[in-house]
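Q: Here the protein sequences line up with chains U and F, keeping their order. Just so we're aligned, residue -16 is where the first sequence starts under the working numbering, counting upward by one. Just so we're aligned, residue 8 is where the second sequence starts under the working numbering, counting upward by one.
FYI, nobody ran anything at the bench for these hints, they're computed from the structure. Everything numeric in this text was worked out from a predicted model, so none of it was measured. Some hints could be false.
Unchecked claim - Derived EDC-like pairs: lysine to aspartate or glutamate, alpha-carbon spacing no greater than 16 Å straight-line: (1) F/Lys231 with F/Asp246; (2) F/Lys115 with F/Asp90; (3) F/Lys231 with F/Glu89; (4) F/Lys110 with U/Glu124; (5) U/Lys107 with F/Asp128; (6) U/Lys61 with U/Glu124; (7) F/Lys153 with U/Glu124; (8) F/Lys103 with F/Asp71; (9) F/Lys115 with F/Asp71; (10) F/Lys115 with F/Asp246; (11) F/Lys177 with F/Asp74; (12) U/Lys107 with F/Asp112; (13) U/Lys39 with F/Asp112; (14) F/Lys110 with F/Glu87; (15) U/Lys88 with U/Glu124; (16) F/Lys115 with F/Asp88; (17) F/Lys55 with F/Asp246; (18) F/Lys191 with U/Glu124.
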Amino acid sequence: MNLFKDAGHLLRFAGLFVLAFIIFLVVRGYVVPKSFGQYGHYRGNAITEMAARPVKFAGHQTCETCHSDIAGTKGQGKHAHVNCEACHGPLAKHADDPSSVTPVKPDTAALCARCHTASAAKPKGFPQVDPADHSSGAPCETCHQPHSPAIGGTETAPAPGGTK
Amino acid sequence: MKLSRRHFLVLAPAAAIAWKSVLAGEPDQAPNYKLSEHWWGMLIDIPKCIGCGNCVRACQAENDVPDGYFRTWVERYHVEDEDMTNPQVISPDGGKEGFPVAKEDAGKYFFVPKMCNHCADSPCTQVCPVGATFVTPDGVVLVDQKYCLGCAYCVQACPYGCRYIHPDKKVADKCTLCYHRITKGLTTACCENCPTGARQLIDLKDPKDPIHEFLKTHSVQVLKPQMATGAKAYYNGLDGAVR
Chain U
-16 MNLFKDAGHL LRFAGLFVLA FIIFLVVRGY VVPKSFGQYG HYRGNAITEM
34 AARPVKFAGH QTCETCHSDI AGTKGQGKHA HVNCEACHGP LAKHADDPSS
84 VTPVKPDTAA LCARCHTASA AKPKGFPQVD PADHSSGAPC ETCHQPHSPA
134 IGGTETAPAP GGTK
Chain F
8 MKLSRRHFLV LAPAAAIAWK SVLAGEPDQA PNYKLSEHWW GMLIDIPKCI
58 GCGNCVRACQ AENDVPDGYF RTWVERYHVE DEDMTNPQVI SPDGGKEGFP
108 VAKEDAGKYF FVPKMCNHCA DSPCTQVCPV GATFVTPDGV VLVDQKYCLG
158 CAYCVQACPY GCRYIHPDKK VADKCTLCYH RITKGLTTAC CENCPTGARQ
208 LIDLKDPKDP IHEFLKTHSV QVLKPQMATG AKAYYNGLDG AVR
């Protein structure tokens, strides 16, 4: 008995299925990124692409390589743990090209008040003042040098136009 | 050589599979950074937070977060003595410009910075239909924006409300734990700019990380532990009123 007798129409049909499967595999090979499934059900290269983005905050370690004098002053004072860019803003571009990108000196009136305005919501041990009442309108840096804020701190006011 | 139809049918799938394995090639690796050596998280120390909003501004600057959207934000809780279960929560513009001055009155106030919890068993990654969001081998939940369709299932799935659809890109966007910074040895933008150390990047696989000692000696919890998300934003001194 021949099982395949009169089975020609079935074999042609099976051939079509096999052909469709091959086309599927080929198309899949093209459209699925090669790193898909490298770590799981996602594109592995997405991780490296994300990691490759440039930074905007250089980080205090970078600042300190040039501004070691300020870092030293700051390290002695109450603001030792406040990092440079917390006040000065994102400056990775300045770190990359110090001469053409120069930071703007922050306005202490706004900057100090941001943290030190008194509020019942702040931790009790945190130094807080009512800015309007505290200095009668005088700028904070009249008495407090931001890098060493205790009155009589070691820092002197930076020279106008100075880069340090 | 004449290829019979039979041989073609046998060889073609084999060739397709072989070709695919050639395409897969060697995985790309960032120099000096091994995915398997890290397991990232964040410590948020509530008693240290002063609600200045530096973290929110830093995050927006570092990551080009569009106005009105937040990868991290700060909430201010006001819990009144007689109404412990109904805290009043405000977060004006995500706390970006700080908070209105609170007067000393009944009850207590405190700030709660919030962000993606970078869950180990993340509900958001489980619902993605196309494999566009995932937990990396070093424990960071990321979105592959080239793959994302913008269906927003993940936005709904996140129990912490940490995702949004980017208004211009029309794809899911969220905290990356500053993946481009932490893989270069820097800390995140929010941690770098927190003036009081209320936020600390932690590496749970690093035996030298002070977090291990900290966890032994402090009452630390995560948000919504009942959801079993494996959240890795650890909150120190978190009040029970926080949702």
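Q: Take the hints in turn and mark each one as holding or not.
A: Verification of the hints:
no.: 1; hint: F/Lys231 with F/Asp246; in the structure: holds, 12 Å
no.: 2; hint: F/Lys115 with F/Asp90; in the structure: holds, 11 Å
no.: 3; hint: F/Lys231 with F/Glu89; in the structure: violated, 24 Å
no.: 4; hint: F/Lys110 with U/Glu124; in the structure: violated, 27 Å
no.: 5; hint: U/Lys107 with F/Asp128; in the structure: violated, 37 Å
no.: 6; hint: U/Lys61 with U/Glu124; in the structure: holds, 15 Å
no.: 7; hint: F/Lys153 with U/Glu124; in the structure: violated, 48 Å
no.: 8; hint: F/Lys103 with F/Asp71; in the structure: holds, 14 Å
no.: 9; hint: F/Lys115 with F/Asp71; in the structure: violated, 34 Å
no.: 10; hint: F/Lys115 with F/Asp246; in the structure: holds, 10 Å
no.: 11; hint: F/Lys177 with F/Asp74; in the structure: holds, 15 Å
no.: 12; hint: U/Lys107 with F/Asp112; in the structure: holds, 14 Å
no.: 13; hint: U/Lys39 with F/Asp112; in the structure: violated, 41 Å
no.: 14; hint: F/Lys110 with F/Glu87; in the structure: holds, 13 Å
no.: 15; hint: U/Lys88 with U/Glu124; in the structure: holds, 12 Å
no.: 16; hint: F/Lys115 with F/Asp88; in the structure: holds, 8 Å
no.: 17; hint: F/Lys55 with F/Asp246; in the structure: holds, 14 Å
no.: 18; hint: F/Lys191 with U/Glu124; in the structure: violated, 36 Å
Checked against the numbered hints given earlier, this structure breaks hints 3, 4, 5, 7, 9, 13, 18; the rest are met.
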